[in-house]
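Protein chains in written order, with the working numbering: chain D, 1 to 329; chain E, 1001 to 1329; chain L, 2001 to 2329; chain C, 3001 to 3329.
Hints were generated in silico from the structure; no laboratory data involved. Note that this is a predicted model, so its numbers are computed, not measured. C-beta: ideal position from N, C-alpha, C; glycine also. Keep in mind that a hint or two might mislead.
Estimated spans, in silico, between C-beta atoms of each pair [unchecked claim]:
#: 1; chain 1: D; residue 1: T288; chain 2: E; residue 2: R1274; range: 56 to 62 Å
#: 2; chain 1: D; residue 1: P41; chain 2: L; residue 2: F2281; range: 35 to 41 Å
#: 3; chain 1: D; residue 1: A277; chain 2: E; residue 2: E1037; range: 24 to 30 Å
#: 4; chain 1: E; residue 1: P1144; chain 2: L; residue 2: G2185; range: 32 to 38 Å
#: 5; chain 1: C; residue 1: R3274; chain 2: D; residue 2: G114; range: 37 to 43 Å
List time: in silico SDA-like cross-link candidates among lysine to any residue, alpha-carbon distance up to 25 Å [as the list claims (entries may be wrong)]:
#: 6; chain 1: L; residue 1: K2140; chain 2: D; residue 2: F115
#: 7; chain 1: L; residue 1: K2141; chain 2: D; residue 2: K140
#: 8; chain 1: C; residue 1: K3141; chain 2: E; residue 2: S1158
#: 9; chain 1: D; residue 1: K141; chain 2: C; residue 2: K3141
#: 10; chain 1: L; residue 1: K2141; chain 2: D; residue 2: A20
#: 11; chain 1: D; residue 1: K141; chain 2: L; residue 2: G2113
#: 12; chain 1: L; residue 1: K2141; chain 2: L; residue 2: E2063
#: 13; chain 1: D; residue 1: K140; chain 2: L; residue 2: E2063
Okay, here's what each chain looks like letter by letter:
Number of protein chains: 4
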Amino acid sequence: MNSFGRNFRVELFGESHGPAVGVVIDGCPPGIRLAPEDMEPDLARRRAGATGTTPRREVDRPEFLSGIHEGRTTGAPLCVIFRNGDTKPTDYAAFASMPRPGHADMTARIKFGGFNDPRGSGHFSGRVTVGLVAAGAVAKKIMPGLRFDTEILSAGGSADIPSAIAAAIADADSVGALVEIRVDGMPAGLGEPFFDSVESLVSHALFSVPGVRGVEFGDGFRAASMRGSEHNDPIIDSDGHTSANGSGGVNGGISNGNRLVVRVAVKPASTIARAQATFDFASGLMGTLAAEGRHDACIALRAAVVLEAACAIALADLYRSDPRFASKE
Amino acid sequence: MNSFGRNFRVELFGESHGPAVGVVIDGCPPGIRLAPEDMEPDLARRRAGATGTTPRREVDRPEFLSGIHEGRTTGAPLCVIFRNGDTKPTDYAAFASMPRPGHADMTARIKFGGFNDPRGSGHFSGRVTVGLVAAGAVAKKIMPGLRFDTEILSAGGSADIPSAIAAAIADADSVGALVEIRVDGMPAGLGEPFFDSVESLVSHALFSVPGVRGVEFGDGFRAASMRGSEHNDPIIDSDGHTSANGSGGVNGGISNGNRLVVRVAVKPASTIARAQATFDFASGLMGTLAAEGRHDACIALRAAVVLEAACAIALADLYRSDPRFASKE
Amino acid sequence: MNSFGRNFRVELFGESHGPAVGVVIDGCPPGIRLAPEDMEPDLARRRAGATGTTPRREVDRPEFLSGIHEGRTTGAPLCVIFRNGDTKPTDYAAFASMPRPGHADMTARIKFGGFNDPRGSGHFSGRVTVGLVAAGAVAKKIMPGLRFDTEILSAGGSADIPSAIAAAIADADSVGALVEIRVDGMPAGLGEPFFDSVESLVSHALFSVPGVRGVEFGDGFRAASMRGSEHNDPIIDSDGHTSANGSGGVNGGISNGNRLVVRVAVKPASTIARAQATFDFASGLMGTLAAEGRHDACIALRAAVVLEAACAIALADLYRSDPRFASKE
Amino acid sequence: MNSFGRNFRVELFGESHGPAVGVVIDGCPPGIRLAPEDMEPDLARRRAGATGTTPRREVDRPEFLSGIHEGRTTGAPLCVIFRNGDTKPTDYAAFASMPRPGHADMTARIKFGGFNDPRGSGHFSGRVTVGLVAAGAVAKKIMPGLRFDTEILSAGGSADIPSAIAAAIADADSVGALVEIRVDGMPAGLGEPFFDSVESLVSHALFSVPGVRGVEFGDGFRAASMRGSEHNDPIIDSDGHTSANGSGGVNGGISNGNRLVVRVAVKPASTIARAQATFDFASGLMGTLAAEGRHDACIALRAAVVLEAACAIALADLYRSDPRFASKE
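Modelling step: build the complete structure from the supplied sequences, incorporating the hints.
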């Protein structure tokens, strides 16, 4: 299913080359000032334009169909849609017979018995994440004390990200990247033991973003190589603040009031111009595919804000689920 | 909340030093042969005993309260409980005033306003994961084609795990570890785009297990350093099999029929005998804590089967949610 | 929240005088032929026009934003919107200070702290039910063996419904009605014990429709006056068919293969032209309100198909939740 | 599935003749004083004993397995079990070949492919409702301002209930009854538009109780015969109080601060000593069944408190879902 959240609920819909993509956001408290412009900074971060992003240009102007009255949320569900404009469905004709390695072409066909919309990957397209960014902007609005700071730490293993991307483009290839999301202003006490732990909900939302291969908190995978005496964060006051942050701000699934630190491994884009071997359903033999469409060389450039939005909606759901936080709105 | 799953639903309850811990499993199909002994192999893997595990001994005999008739599931919810036997609540008295660094002592207190059961970490105890193992055993039963294989790849950064653990024990310390879960026999088409992706549900369940710091699939964090031409898995037949498995068996959130590969970073146990600085609520000053109770030096030894169980319940929920798989039972 | 269903999930959004109302339908199987015209018969039944219905005219042309490709469902969520056209927001200005007796004006204000959209009752308007009818049309499509037959049995207590409505209009008043929904072709085995019983889900959906005061199955409230020997339905064959249908087709929460019979009490419209006493927030005293807008004298005329749709989505959710039925699609 | 609720979640398990029946209650706030004795008054109301109730005697002593520490809730899930004592499984042997008319024997067999526990109706037994009463007692505890008052208005159509029951017993028959639940102290603003309306959740929970045939609010089915000018409740102050209560305390799905009034039609018990015709699977022909076990002549006597509990858990879920109410705990 395409919805997430118990008390701040997000439902995504739309296809890359259909009339529109969008999102319904349910569980937003009433009285929050919200205008399409509030979404613009995040939408701009997701928009193509920089070197390494697709030449496809979308205006991405959010159209509010519901849930807003006189510039404020009403408490009823928000539906926000983004009309698709710059579509070129013929770009994708080849993938119908030759599924792209690493892409959802093949699994979507199997899952939906061939009835999935194949144009531009249909509902599996990164285009659908624009609705996630819209929901993330709303999520941030209802948690005014939280400050999100997201950074691409490296691409292709290098901290010199522009060079790594330029080199990949020169090779008609793509490149993966490492993204870190930091959230300051976290209250202590967010999250719950076991299945509604901060990490469970945040990772759930992050792994829903196409192209994510790994998620870690605080010391993350490095913790597997550490001793307890190194990894444990000494508590230094009665509020639970710590002098180190190896846990990334969460103990026992519950925020401890320190900075939340999450890192996300984003894979290289699977659609590349370089020739790749794949099965050809037309011939029944192996074939060679060189994608001609408009693609991102480094999806993390645009995905960073999507990941931040995914993190925000997970936190918003926890925020709305604990009356101590929700009632402060 | 303490439940997980839409169509195969698991609800955990219990405290470390209360009368019992247990689980309710709802959504299990009728007619599955199930006896307490079916759980024994997995329970044995979770049981303490090896070097590096706690001296606390629990028989862990599952008591079936419901859902079974004449040795088969009935379609009604299964409730399985495990009586707590070998409890020593006084072990934990110190943590009431001096919360353990890295542990949930502090966050549990904040979350529940001091009403949480502090004895042996109460509901935050790893003891509660015995119910997860029971649920995992049921999950595996309803997916007979799947074969789980879980391995501790390293501890403290070393593949010589016994030595790493022995060294940590010698230092009155604990050590983290890296666990890999491999699932063979995966059908293609399990999972859904976006929020019910295989990775979303599996990571959600894995991060609910205490002590998990990171989760990755296939190439995982290494993908952040790779090129598309390296990371993409060439498709080699009409069933979607691939000649490499950098995606770990999932594309677009949907299983592609190849082996599922998940790695989990497990932190070192936070409770260590070595002295640690922490805030002392009794004095209002920093104090020194050296845990005296019975603890694991390497929680991954016993957590490996818990992680496997968490993975299994996530897959079972997806399995039960797709009528093509569910109807084959 | 504004969503319903576990495996066939419906999310309603929109306000009476906003840009559009609509629905997202998630969990629809792929490959179902579906065109806007398929919804037209049900939309026509909901449309105003007959004596006793509002003079407000809406074209109610469904606009499919997602989930359809080449005339078939894709397995991705369907978003269907209906643009609002014939809006006259000034009609409702009076209700801002004088809440209508029996209407949601007052409770909506309290619930949403005055931020609710008051124009035409906003999200509380019957206008929002057009999305329910759209979802109901999809629900029926995925259960092709079911035949729905809905009848208004009486209005104002009389089987001569046109006369009862005409009399109410002559008195500048409104009138309630009794609606019966009959579903033939029901398979045996739909529904589950306790909380997912057929009656629980169907009543849940029915009571979400504005203006419903009661729901009963089979003999319904008459069963409270009966003996077991009268009310029990004799079983006459090995398929579970019965020679009477006092249970309305459900035993123990599970369909028994006989006709499903549900009756719904629909209240008289609360908005009437006749003068009514109510509290006037402007003066702080009691005042007199005579509604001038465009209203239905008997909401059951248009609500009948909405109730049928609500029943259909509840059954579709159960249908999609049992693999034996879902896999037959 | 056997769970109910989004933020106050109840999961029922157990069979009539298994080791125990019980309930897990998740979402209970921490710090609520709770002892087994707090459940005793409601359990006593459900217990057999009066004329018209089964001779089966169960002590029904709640055993708390989790979620309580030092007499208060901890915020972790409560598991409460009731051991089954006075079981006589041979009473039910006949029903295996001859399903009782009006009972779940036949539908349970179909639903679960014959794997359901048939002893004493297994999970379909009214015995399972003891867990609902336990959950209801907790629900009431977290809404201290609410006062529940439940009355059997009539049995067999007569307000002289003892006589009606005595007459049914004399005829080896059973009799239905009408139950009214009244809740005083309701805050205004509980519930939400559409699918989480007060009526939707309350009816959902009520119809999960075996034997319920109808649910109505306020004027209920009488509203179908009324005019708007009669049925509308005049608002008389700025808090939304009304001078009549035809709506039963709910407008637009949201409580209006007046008394909540719900009536429930409870069918006559289907198990009667009187001979009934039913299909005999052993002979493949129609047969005659005269139940010999221990049964209730009027299930409403014991079900009244179960219905009250169901109403309470639905309200508690709404209460916990609105931060304005939940944060007052």
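Verification of the supplied hints:
no.	hint	verdict
1	D:T288 / E:R1274: 56 to 62 Å	holds, 59 Å
2	D:P41 / L:F2281: 35 to 41 Å	holds, 39 Å
3	D:A277 / E:E1037: 24 to 30 Å	violated, 48 Å
4	E:P1144 / L:G2185: 32 to 38 Å	holds, 34 Å
5	C:R3274 / D:G114: 37 to 43 Å	violated, 58 Å
6	L:K2140 / D:F115	holds, 20 Å
7	L:K2141 / D:K140	violated, 39 Å
8	C:K3141 / E:S1158	violated, 53 Å
9	D:K141 / C:K3141	violated, 34 Å
10	L:K2141 / D:A20	holds, 24 Å
11	D:K141 / L:G2113	holds, 18 Å
12	L:K2141 / L:E2063	holds, 18 Å
13	D:K140 / L:E2063	violated, 31 Å
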